[in-house]
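> Each protein sequence line maps, in turn, to chains A and B. If you read the first sequence in the working numbering, its first letter stands for residue 10, the second for the next number, and so on. If you read the second sequence in the working numbering, its first letter stands for residue 10, the second for the next number, and so on.
Treat the hints as calculated values from the structure; they're not laboratory data. It is possible that some hints are incorrect.
Which copy is meant is left open, because identical chains are indistinguishable; a pair holds if it fits in one copy or across any two.
[Said to hold, decoys possible] In silico DSSO-like links for lysine-lysine, alpha-carbon gap of 27 Å or less:
#  : residue 1 : residue 2
1  : K166      : K252
2  : K252      : K56
3  : K200      : K20
4  : K20       : K166
5  : K127      : K166
6  : K49       : K150
7  : K49       : K244
8  : K244      : K29
9  : K87       : K150
10 : K244      : K56
11 : K150      : K127
12 : K150      : K252
13 : K56       : K87
14 : K100      : K56
15 : K56       : K127
16 : K200      : K49
17 : K200      : K244
18 : K87       : K200
19 : K55       : K100
20 : K200      : K252
Number of protein chains: 2
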Amino acid sequence: MLGAIEAGGTKFVCAVGDEKGNLLERIHIPTTIPSETMVKVLAFFKKHDLDAIGVGSFGPIDVNRESSTYGSITSTPKTAWRNFQFVQALKEAFPIPIGFHTDVNAAALAEATFGAAKGLDSCLYITIGTGIGAGAIVQGKLLHGWSHPEMGHILVKRHPQDEYQGGCPYHSDCLEGLAAGLAIEGRWNNKGINLAGRLEVWDLEGYYLAQALMQYILILSPKRIILGGGVMNQKQIFPSIYKYLQEFMSDYVSLPELTEYIVSPGLGNDAGIMGALLLAHHAILES
Amino acid sequence: MLGAIEAGGTKFVCAVGDEKGNLLERIHIPTTIPSETMVKVLAFFKKHDLDAIGVGSFGPIDVNRESSTYGSITSTPKTAWRNFQFVQALKEAFPIPIGFHTDVNAAALAEATFGAAKGLDSCLYITIGTGIGAGAIVQGKLLHGWSHPEMGHILVKRHPQDEYQGGCPYHSDCLEGLAAGLAIEGRWNNKGINLAGRLEVWDLEGYYLAQALMQYILILSPKRIILGGGVMNQKQIFPSIYKYLQEFMSDYVSLPELTEYIVSPGLGNDAGIMGALLLAHHAILES
């Protein structure tokens, strides 16, 4: 039996299941402070006979196995969780293999294994919600190097008519600062879900996301790109992305048909927790 | 014995050597038209008893083994070479394993094996010359997916005081359009080598390259970044890159000490041909 944690800023999803993605039981636990949340997490897993646990966590996190702080959450704005030794806390209760990656890397792994990129050894999963994050599979493995990617904070060119200053506390008008859910709300003084009929909102959203996709494609050359997260429930963004991406790329590289290349998730909201199950399975294989 | 070709737009470097990077003999052949150039290439290799040949080629090229045009040069402005079946031409003369990648991927491989990223399983090699290109090693392997990266053409924000329109025939003011050797010459009406004392030239160059490095770091998180090519012989660009990169990143991710993280090549001008030798060796291992 495998344990899985999708650790989000609002809630933890905990589940048990198998490496085929079957979820046998799952619960939600509010993300408050580590001492409260983790007691409930450990109590849930204590009921089961686990062979490994996989964690897909909000970040930034330390995924460098050679680092002295491997397995911890690092510079999160959620101060109670800053420097929380996530892997160590689990290891103390369960002396079994623990897999640990970002939430978006877990989702990318699940989509490549069971979802919209099934059968491909390369994909990019991007979530556009309150913030923007991405994970990637490169040649069959989760992409990481010095640290994990932080693709939501790349630079984009401002639209000449966009007067919104940008909402990122670090970079002001980076991609997340101009195109995440909080930016949409900040610019239009309304939540995206209430702006569905305003074409200009989604045209501008496509303008920024297409720029980001151009960077991701020219740097990573993924075999498929999956766009998830709450903002992407506005399906009218897709045609805008296709239009601007073709305009920006100017036929420089040949790409697959865009409607098959840049797609919605195959696993809906389950990608993160299914990916955490896979991280548990990988932890056994690597142990 | 291994054969190696560094196929550039001006000249082909051909060499024989071993997988330890020892170059036993090397010649230069002008890049004219395939029928002329390749006759000389094949004649050079015929003198040797080869086990494999590795090619690092100018591009774009088709490196997708499942493609019907694998091993060919695709949409190059050098029309005589467009759709040239490079691997097939070699295979007909030498029925041995042939390795085939971009020139910059070959250089990245050599720098990771013998040069400035020796011992690391991750690095990024960028050449800033007439044009801009980059290759990457990710978790010990050459990065490729749908195709090879084309990192020189990513978008950057224009400097507000820069009035040069940009020199890229596809994207006008992409990175290559604003920061390659041709762009420096186009903007300042003089070759970079004659502008060594003009501080504003290299400050602006650092401004654009730092933006590109920020994108590469946030997307790939390489363990080391190597900046080669003729433009980078102007060492005064490095401090400008460090300054702007720190400003743009705004401490969002922790990075190694920049002077050790972003460095000059360890192999000088030999990275490409030594990488081609390694591609030959890899072709044997994969055959």
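> All hints, please: hold or fail.
Hints, verified against the model:
1. K166 to K252: both (17 Å within a copy, 21 Å between copies)
2. K252 to K56: neither (51 Å within a copy, 53 Å between copies)
3. K200 to K20: within (21 Å within a copy, 57 Å between copies)
4. K20 to K166: neither (34 Å within a copy, 37 Å between copies)
5. K127 to K166: Classified as neither: same-chain Cα gap 33 Å, cross-chain 36 Å, threshold 27 Å.
6. K49 to K150: Classified as neither; 32 Å inside a copy, 41 Å across copies.
7. K49 to K244: So K49 and K244 fail the 27 Å test inside a copy (37 Å) and across (56 Å) alike.
8. K244 to K29: neither (29 Å within a copy, 53 Å between copies)
9. K87 to K150: Neither, since 29 Å and 36 Å both go past 27 Å.
10. K244 to K56: This pair counts as neither: shortest intra-copy Cα distance 41 Å, inter-copy 61 Å.
11. K150 to K127: both (14 Å within a copy, 22 Å between copies)
12. K150 to K252: neither (31 Å within a copy, 34 Å between copies)
13. K56 to K87: neither (29 Å within a copy, 67 Å between copies)
14. K100 to K56: Cα proximity of K100 and K56: one copy only (16 Å, versus 61 Å across).
15. K56 to K127: This pair counts as neither: shortest intra-copy Cα distance 32 Å, inter-copy 48 Å.
16. K200 to K49: neither (33 Å within a copy, 66 Å between copies)
17. K200 to K244: within (16 Å within a copy, 49 Å between copies)
18. K87 to K200: The answer is within: 23 Å in one copy meets 27 Å, while 51 Å across copies does not.
19. K55 to K100: Only inside one copy: K55 and K100 sit 13 Å apart there, 60 Å across copies, limit 27 Å.
20. K200 to K252: Answer is within: at 24 Å inside a copy they meet the 27 Å cutoff, but 38 Å across does not.
Hints 2, 4, 5, 6, 7, 8, 9, 10, 12, 13, 15 and 16, counting from the list given before, are not met by this structure.
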